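Trainee: Next come the chains, spelled out residue by residue.
2 protein chains.
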Amino acid sequence: MIHLPRGFLFSACAAGLKASGKPDLAFVLAPEGASAAAVFTRNQVVAAPVTLGREHLRASHGKIHALIVNAGNANCATGAQGIKAAKTVCRAVASEISKIKARPQQVFPSSTGIIGVPLPVEKVTTALPGLIAVASPEAFIAFATAIMTTDTKAKIASEEFEFKGRKAGIVGVAKGAGMIHPNMATMLVYLFTDIEASPRDLQKILKDAVDQSFNNISIDGDTSTNDTVLLLASGKSNVQLKQVRKQFEGALRNVCRSLAQQIIADGEGVKHVVTLRIEQARSMEEARRIAGTIATSPLVKTAWAGADPNWGRILAAIGRSGVKVNPTKINIYLGNQQICKNGAAAKFDASKAHEYMSQPAYDIRIALGSGKTSLEFLSCDLTTEYVRINADYST
Amino acid sequence: MIHLPRGFLFSACAAGLKASGKPDLAFVLAPEGASAAAVFTRNQVVAAPVTLGREHLRASHGKIHALIVNAGNANCATGAQGIKAAKTVCRAVASEISKIKARPQQVFPSSTGIIGVPLPVEKVTTALPGLIAVASPEAFIAFATAIMTTDTKAKIASEEFEFKGRKAGIVGVAKGAGMIHPNMATMLVYLFTDIEASPRDLQKILKDAVDQSFNNISIDGDTSTNDTVLLLASGKSNVQLKQVRKQFEGALRNVCRSLAQQIIADGEGVKHVVTLRIEQARSMEEARRIAGTIATSPLVKTAWAGADPNWGRILAAIGRSGVKVNPTKINIYLGNQQICKNGAAAKFDASKAHEYMSQPAYDIRIALGSGKTSLEFLSCDLTTEYVRINADYST
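Those protein sequences? They're chains A and B, same order as listed.
The numbering of the first sequence is this note's numbering, which starts it at 321 and goes up by one.
The numbering of the second sequence is this note's numbering, which starts it at 321 and goes up by one.
Worth flagging that the hints you see were computed from the coordinates, not collected in a lab.
Every value quoted in this text rests on a predicted model; they were computed, and no experiment measured them.
Heads up, some of the hints might be wrong.
Said to hold, decoys possible - Partial selection, computed: residues in chain B whose CB lies under 7 Å from chain A: (1) Thr622; (2) Gly626; (3) Gly639; (4) Pro647.
All C-beta atoms in this analysis are idealised placements derived from N, C-alpha and C, irrespective of residue type, glycine included.
Excised from the complex, chain A in its bound form (with noise of 0.2 Å):
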């Protein structure tokens, strides 16, 4: 059950940028504004839309009236025209929703697609009328399609919350992406609130959740050129922030790691998603560093494709991931069975072991031996069907 919070109208409709003719164009529109935070691509190049949505929350000071995103091409490596397509978006928005009065930097930009095309700013701009006049409360699925690019599914969480009787919500949405990196270039995350928060508060809250959410899957390691999560609160709910701040948090928290549990499952061929959990780190930016060479490891991934308990392989990526360890305190375990002891071969049972890695999520356990700290790692593994998807030749 989707609990969609106040304040907010979605709509979506095809204007002609996906090859395929299916919806690509999508709009949400805040009629009386939304406090925004958002964590963008740690990548230097960077897409047209995230210079300009950043230079919008700045000019803004945190208040957002729209949202525009468009699927079917990234407006990234673009130049400088690549920027003004952007803006003219923006202002074409502001334009079409004039009764409320929003300034073109109270649109917020976001494109996915192909990298280093030009925009068709006018097609864009051609379907926005008929976009936004049929904008409603309801039309959310239509929203998280529109905005798909090889995703084979939407991707939607969302969670509810009271204070004194008055409830509030949260609804995320998210694209995404190649198995580590994402294909079309981008992992695109919406999040509707209609508490009440200041846009600073929210940036804070919003920066923990994605610590513990988005960078803990391995799409981190590949940071995109479009990556962008957005938060935005309509504060329709009349509850504000400080009563529920906690459940606010975990709420926040729950929504985006299953978005991000569903954006590695539906990773380009993936066949079984890997929760690595790793124990007795240092800290949390050690655990983190292995986790992420353990996940980015050819050799790994290919074992996980063949259900292969090929533990040597992780050993060689824990030795090598730039953390000192030592080797000879590392244990491993699938499931409750032991493979590696204090660095070397455990005794155990090959055939299990393989039963157990042929299920298409599993854990894999591993002690450190060298200190407190715990960290959950979400990964896949890398099939031949990964490699026929990012090989076809398609320029």
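Use these hints to put chain B onto chain A, whose structure you have.
Mentor: Structure of chain B alone, referenced to chain A:
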């Protein structure tokens, strides 16, 4: 033509370590000793023979009499038992060559093969007397073949040089390696020369040569647990290092580069060898970091498999490499065709680019516009065949 340096005897035999029954034990004798220098894996998880090899170089002050290499078992992640096994083998070799009064510390051990399985020491010691008895100056190819694991061919390179009519030579042999990671855990390289040189001088020259060859191929990012490059100088040419220093450095570098190329070309599932020419970098370290990020990006490597001139993926990899760049100054070329101009699309003939990338080996030139340093870095594509080879359930 192979120039075999004087002062070394080679042999090989099948000791029963490889399930295939193929030769898996190789031996080199330097009857009058040789100056030794070595470069090892930087992985913290190291195989027993690497630990012991380091110890022996120290204890013998870099004077080695014999080299014993087995394939089929890495003797890695085998605990204290593994060290004991490697010691037993070295002692057995020393005792077999007792006529030349070598100490066990003057025997250098190497292993390659599966991780985490105890080395069957008896198979090795049983085979030793026969192996050592047949050692001869000519049996170099037999040596090169016995150290192979997933290699499809032996990798050999040699050079000759002279000083006042006296000739000296260098010959190198390599075994490696998965595509980006050594598969059965190892790149092993042995280099033999008959010049006269101290271990200390050799060490410096070897380090430089390795930096300009094996550290500029995409294996670099993933040092295995057993990686070893060993250089032995017998002095039997009566040519001294100081008389031919420049020539020797050049010859060693050429031999190492040739072996590095042979390793990449024989990588698992490799269809295209790609030379990355990084230009206008601020430093060698930054150039190598950028090349390494491109060369280990699954998205870039799968595009290469499909002969797809998708420069956006290369640009995105540069952007996340951790090196500060100005994306609008980056130019990318396929042969003499420019595909990315100032960080945006250049006008280019896509079918010509596809044709160019369909060749088994080609160059991609990347001008960063930030400095004056250039680097050549060898890489390769990521194919479905690589995944199949490494996903086979093997335990």
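Trainee: All hints, please: hold or fail.
Mentor: Going down the list of hints, with the structure as the test:
1. Thr622: holds (4 Å)
2. Gly626: holds (3 Å)
3. Gly639: holds (3 Å)
4. Pro647: holds (5 Å)
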